[in-house]
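Novice: Chain by chain, the residues:
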Amino acid sequence: MSEALLEVKSLKKYFPVKQGLLGRTVGHVKAVDDISITLQPGETFGLVGESGSGKSTVGRTVLRLTDKTDGEVKFKGVDIHSLSAADMRLIRPQMQLIFQDPYSALNPRVRVGDAIGEALLDHGLCTRGEVRELVLEAMVACGLSSYHIDRFPHEFSGGQRQRIGIARALILNPELIIADEPVSALDVSIQAQIINLFSKLQQSKGLAYLFISHDLSVVEHLCSRIGVMYLGSMVETASRDELFQHPLHPYTKALLSAVPVPVPRLKRERIVLKGDIPSPANPPSGCKFHTRCPFAVEVCKAEIPLFRDAGAGHFVACHLV
Amino acid sequence: MAADSRVSEITAPRVNLRKSSLFRQSLRRLLHNKLAVAGFAVVLFMFVLCFIGPFFSPYTDNKINMAMMNKAPNLQHWLGTDALGRDILTRVMQAGRISLTVGLASMVLSVFLGALLGAVAGYYGGLLDQIIMRIADLLMTIPSLPLLFIFGALLSEWKIKADYRMYIVMLMLSMVNWPGLARMVRGQMLSLREREFMQAAVVLGLRDRRKLFGHLLPNIVPLLIVMATLNIGGAILSESVLSFFGLGVMPPTPTWGNMIDAANNILDFQERPWLWIPPGLSIFATVIAINIFGDGLRDVLDPKQKR
Ligand SMILES: Nc1ncnc2c1ncn2[C@@H]1O[C@H](COP(=O)(O)OP(=O)(O)O)[C@@H](O)[C@H]1O
Ligand code: SF4
Ligand SMILES: [Mg+2]
Numbered sequence: 334m335s336e337a338l339l340e341v342k343s344l345k346k347y348f349p350v351k352q353g354l355l356g357r358t359v360g361h362v363k364a365v366d367d368i369s370i371t372l373q374p375g376e377t378f379g380l381v382g383e384s385g386s387g388k389s390t391v392g393r394t395v396l397r398l399t400d401k402t403d404g405e406v407k408f409k410g411v412d413i414h415s416l417s418a419a420d421m422r423l424i425r426p427q428m429q430l431i432f433q434d435p436y437s438a439l440n441p442r443v444r445v446g447d448a449i450g451e452a453l454l455d456h457g458l459c460t461r462g463e464v465r466e467l468v469l470e471a472m473v474a475c476g477l478s479s480y481h482i483d484r485f486p487h488e489f490s491g492g493q494r495q496r497i498g499i500a501r502a503l504i505l506n507p508e509l510i511i512a513d514e515p516v517s518a519l520d521v522s523i524q525a526q527i528i529n530l531f532s533k534l535q536q537s538k539g540l541a542y543l544f545i546s547h548d549l550s551v552v553e554h555l556c557s558r559i560g561v562m563y564l565g566s567m568v569e570t571a572s573r574d575e576l577f578q579h580p581l582h583p584y585t586k587a588l589l590s591a592v593p594v595p596v597p598r599l600k601r602e603r604i605v606l607k608g609d610i611p612s613p614a615n616p617p618s619g620c621k622f623h624t625r626c627p628f629a630v631e632v633c634k635a636e637i638p639l640f641r642d643a644g645a646g647h648f649v650a651c652h653l654v
Numbered sequence: 011m012a013a014d015s016r017v018s019e020i021t022a023p024r025v026n027l028r029k030s031s032l033f034r035q036s037l038r039r040l041l042h043n044k045l046a047v048a049g050f051a052v053v054l055f056m057f058v059l060c061f062i063g064p065f066f067s068p069y070t071d072n073k074i075n076m077a078m079m080n081k082a083p084n085l086q087h088w089l090g091t092d093a094l095g096r097d098i099l100t101r102v103m104q105a106g107r108i109s110l111t112v113g114l115a116s117m118v119l120s121v122f123l124g125a126l127l128g129a130v131a132g133y134y135g136g137l138l139d140q141i142i143m144r145i146a147d148l149l150m151t152i153p154s155l156p157l158l159f160i161f162g163a164l165l166s167e168w169k170i171k172a173d174y175r176m177y178i179v180m181l182m183l184s185m186v187n188w189p190g191l192a193r194m195v196r197g198q199m200l201s202l203r204e205r206e207f208m209q210a211a212v213v214l215g216l217r218d219r220r221k222l223f224g225h226l227l228p229n230i231v232p233l234l235i236v237m238a239t240l241n242i243g244g245a246i247l248s249e250s251v252l253s254f255f256g257l258g259v260m261p262p263t264p265t266w267g268n269m270i271d272a273a274n275n276i277l278d279f280q281e282r283p284w285l286w287i288p289p290g291l292s293i294f295a296t297v298i299a300i301n302i303f304g305d306g307l308r309d310v311l312d313p314k315q316k317r
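Residue numbers (my numbering), protein chains in the order written: chain A, 334 to 654; chain B, 11 to 317.
Keep in mind that a hint or two might mislead.
To be verified - Below are the DMTMM-like pairs computed for lysine to aspartate or glutamate, each with C-alpha atoms no more than 25 angstroms apart in a straight line: (1) A:LYS401 / B:ASP218; (2) A:LYS533 / A:GLU575; (3) A:LYS345 / B:GLU204; (4) A:LYS345 / A:ASP548; (5) B:LYS44 / B:ASP305; (6) A:LYS351 / A:ASP400; (7) A:LYS351 / B:ASP305; (8) A:LYS407 / A:GLU340; (9) A:LYS351 / B:GLU204; (10) B:LYS221 / A:GLU463.
Unchecked claim - Chain A residues, not near chain B, derived (Cβ > 10 angstroms throughout): (11) LYS345; (12) LEU354; (13) GLY375; (14) ASP412; (15) MET428; (16) VAL464; (17) PRO616; (18) PRO627.
What the hints assert, rightly or not - Covered by chain A, according to a simulated footprint, are these stretches of chain B (three or more residues, beta-carbon under 8 angstroms): (19) 199–210; (20) 219–225.
Quick caveat, the hints were computed from the structure, so don't treat them as lab data.
Note that CB positions come from ideal geometry on N, CA and C, so glycine has one too.
Model the full structure from these sequences, guided by the hints.
Specialist: Written as C-alpha cells, this is what we have:
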C-alpha cells in the first residue's frame, strides 16, 4: 500500500472571539471547518478560494504553526500534532512553507546566504565547510546570482526575495512545500517567472505542493488536483482538467468565469457574485454559499449539502448536483 | 592543526565591515548629522583628556602642597589649586577617569543585565517573564535617586573601604538602570516574535538559541546601542550627584561630583570659582555631548523610536 505523504482529515480550526474586559469567549471564527485533503508524494494540489476563506489557516495548521481544534494531520503516517517539540523540530525540514509576503518573511538583519544556509547547519545536515557551496547551489537553482550571497534582503526586489524564500526551503530537500499565495504580492510580470520556477523545481525534484491561491489561473498550470474552499469548507475537489471543463459547484463556476480564457469562442458565461464573503464567525445556515448563490433554492438555507462523490474522483457539496 | 584552525576561526573578522552595507549606510547617515558628530567629538576629547592628559601633567592628583593653597589659575596651575594645594586640572582629569569608567562600566553591566533579562522574559514568557518583570517593576516604582541615596547611606553605615566604593557605585547604578532597559528589550522581543520571519524560523525548525541570537538579538542591537549611549550619560550624572552628596565615590579618590562638593561653602563658591567650574563644566559638557550623540544614533539606527 502506498502511503499518502500528507493526510488531512476533518481538520477544524476555530479561533475564539473574545469580548469585554475579562476576555470572555463569545463565539468562534470557524476559519477551517472540516477540511480533508490527501496528497501523494510528488502530487500538486491547488487550494483556491476568496480571501478570508481559511486557506492560510489550513496551511498554518498543517505545519503546526497553530494548534488544531479538531481533526488529524498525518505526514507520512505520523500525526504531527501529537509530536513532542523536539520530534516536531526534527521533522520540520521535510515540510516547508513559502510565504505570501516576501518582504516580511526575511529577517532584515540576516544576510541572504546565512538565511538560506542556517537551517542546514542548525539541523546538522552539513558541515560549516560545506554550507557555502550548498547555498550557492540552491541560489543558482532558484535563479539567483552567486554574488547575492552576502547581501541583505532590502537590496532585493519582491520577486528576488521570493526566490530567496524558495531557496531557503529548497535547500532542506523537503518532500512537501506549502506555498501560501507566493505570487499574489508580486508584479504580474514577475508572477509567471516565479510560477515557472515552482513548476521547474517540482519536475526536477518530485516535490509535492499544497499550493494556495485566490486565483484559479495561478494554480491551473501548476496543480494536478484542485480544491475550492468557501468559508472554511471545501465545496469542490477534482482533477484540474475535470474542474476546468466540468465545474459543478456554482462557486467554482463563478471563480472560473473570472478566469480569462485564451480562446474567446470558449468564453464562459460570466457569473458575478453579489456581495462580500460573509463573516466566518457567523456563517449562513445550510449551504454557506446560499446568500450569494445565483441558483439557491429553499432547501439550501436549511440543509447542509453533503460532500459527495460525483464520479471520477470529482467531489462536490451542492444540493443541485 | 586543529588548534590553528580554531585560532584562525576566532581571529578571522566575523563582521566584514566593507561587506556590511547596513553598517556603512548607518555610518554615512550619522556623519551627515553635524550635531551628533560634534557630540561625539566632545566625548572623544573628554576621554583623551582624562585618560592621556595626566601623563603630561607635572603634578599628581593627590600631591598636597601647602605653599600653593587656593591659588587662582596661573601659568603653573592652569586651573588653579584647591584648599590642599592640589592642581585642579590634574584632579579634573583624574576624576574624569573615575567618572567615565564608572559610567561605562555601569552601562555595560546594566545593558548586559537588561538585555539578557528582557530577552529571556520576552522570548520565553510565562512564569519567568512574570518574575523578572515584577522585580523590574518594583525597582522602577521607587524613584532611582532616593533609592541610590538609601544604598549610599547604607554603604557609609557599613564603613565600606573607600577603594571599593567605586565598584559598589557601579553596581548600584546598574541595579537602578537595568529594569528600564529590560522592559524596553522585552517589548521589542514581543513584537519581533510576531513577525513573519520568526514564523519562518519555526518552519525551518531552528533551535531556540539560533532564533534568539541569530534573529531576535540582531534586531534589537540598534536599540541597545542607542540605549547604552544614553545610559552612560545618565550614569555619569547619577554618580556625580551621589558623590556630590558624599554618598558615592569618596575623597581622596577624585570624581567630578565630589570635587564640586569641595566648594560647598559660600566663600569658596563666590570667591574661588575655579574650584567648582572645571568639574561642573566637565560633567555638563560630557553628559550633554553623550546625549546629543545618542539622539543622533537613535535617528540613524532606530527611526521609529523618534520622540
Ligand atoms: N490568528 C487568528 N485569530 C483570529 N482569527 C483569525 C486568525 N487567523 C485567521 N483568522 C480568521 O480566519 C479566517 C480565515 O483566514 P485566512 O486563513 O487567513 O484566510 P485566507 O488565507 O483564505 O485569506 C478569517 O476570517 C480570519 O479573520
Ligand atoms: S447548495 Fe444551493 S446554495 Fe449551495 S451552492 Fe448548491 S445551489 Fe447554491
Ligand atoms: Mg491567506
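Novice: Taking 8 angstroms as the Cβ threshold, is the statement that the region 219–225 of chain B is covered by chain A upheld or broken by the three-residue rule?
Specialist: Result for this restraint: holds, n = 3.
Novice: Per the stated criterion, does the least C-beta distance between A:ASP412 and chain B lie above 10 angstroms, as a non-interface residue requires?
Specialist: At roughly 18 angstroms from the nearest Cβ of chain B, A:ASP412 sits farther out than 10 angstroms, so the non-interface label holds.
Novice: Checking a non-interface call: every C-beta of chain B should be farther than 10 angstroms from the C-beta of A:VAL464. Is that right?
Specialist: The assertion about A:VAL464 holds, with a minimum of 14 angstroms to chain B.
Novice: Below or equal to 25 angstroms on CA atoms is what counts here, so check A:LYS351 against A:ASP400.
Specialist: holds, 18 angstroms
Novice: Confirm or reject the statement that A:GLY375 sits farther than 10 angstroms, beta carbon to beta carbon, from all of chain B.
Specialist: A:GLY375 clear of chain B: closest Cβ-Cβ about 21 angstroms, beyond 10 angstroms.
Novice: Given the hint that B:LYS44 pairs with B:ASP305, test it: the Cα-Cα distance must not exceed 25 angstroms.
Specialist: holds, 12 angstroms
Novice: Between A:LYS533 and A:GLU575, does the CA-CA distance stay at or below 25 angstroms?
Specialist: Roughly 24 angstroms separates the two Cα atoms, so the pair holds.
Novice: Between the region 199–210 of chain B and chain A, see if three or more residues pass the 8 angstroms beta-carbon test, and mark the coverage as holds or violated.
Specialist: Since three or more residues must qualify, the claim that chain A covers the region 199–210 of chain B holds, with 5 doing so at under 8 angstroms.
Novice: Would the non-interface assignment of A:PRO627 survive a Cβ cutoff of 10 angstroms against chain B?
Specialist: holds, 38 angstroms
Novice: For the pair we were handed, A:LYS351 and B:GLU204, check the Cα-Cα distance against 25 angstroms.
Specialist: holds, 20 angstroms
Novice: Classify the label on A:LYS345 as holds or violated, using whether its beta-carbon is more than 10 angstroms from each beta-carbon of chain B.
Specialist: The claim holds: A:LYS345 sits with its nearest Cβ about 21 angstroms from chain B, beyond 10 angstroms.
Novice: For the pair supplied as a hint, B:LYS221 and A:GLU463, confirm whether the alpha-carbon distance does not exceed 25 angstroms.
Specialist: holds, 22 angstroms
Checked against the numbered hints above, the structure violates hints 7, 15; every other hint is satisfied.
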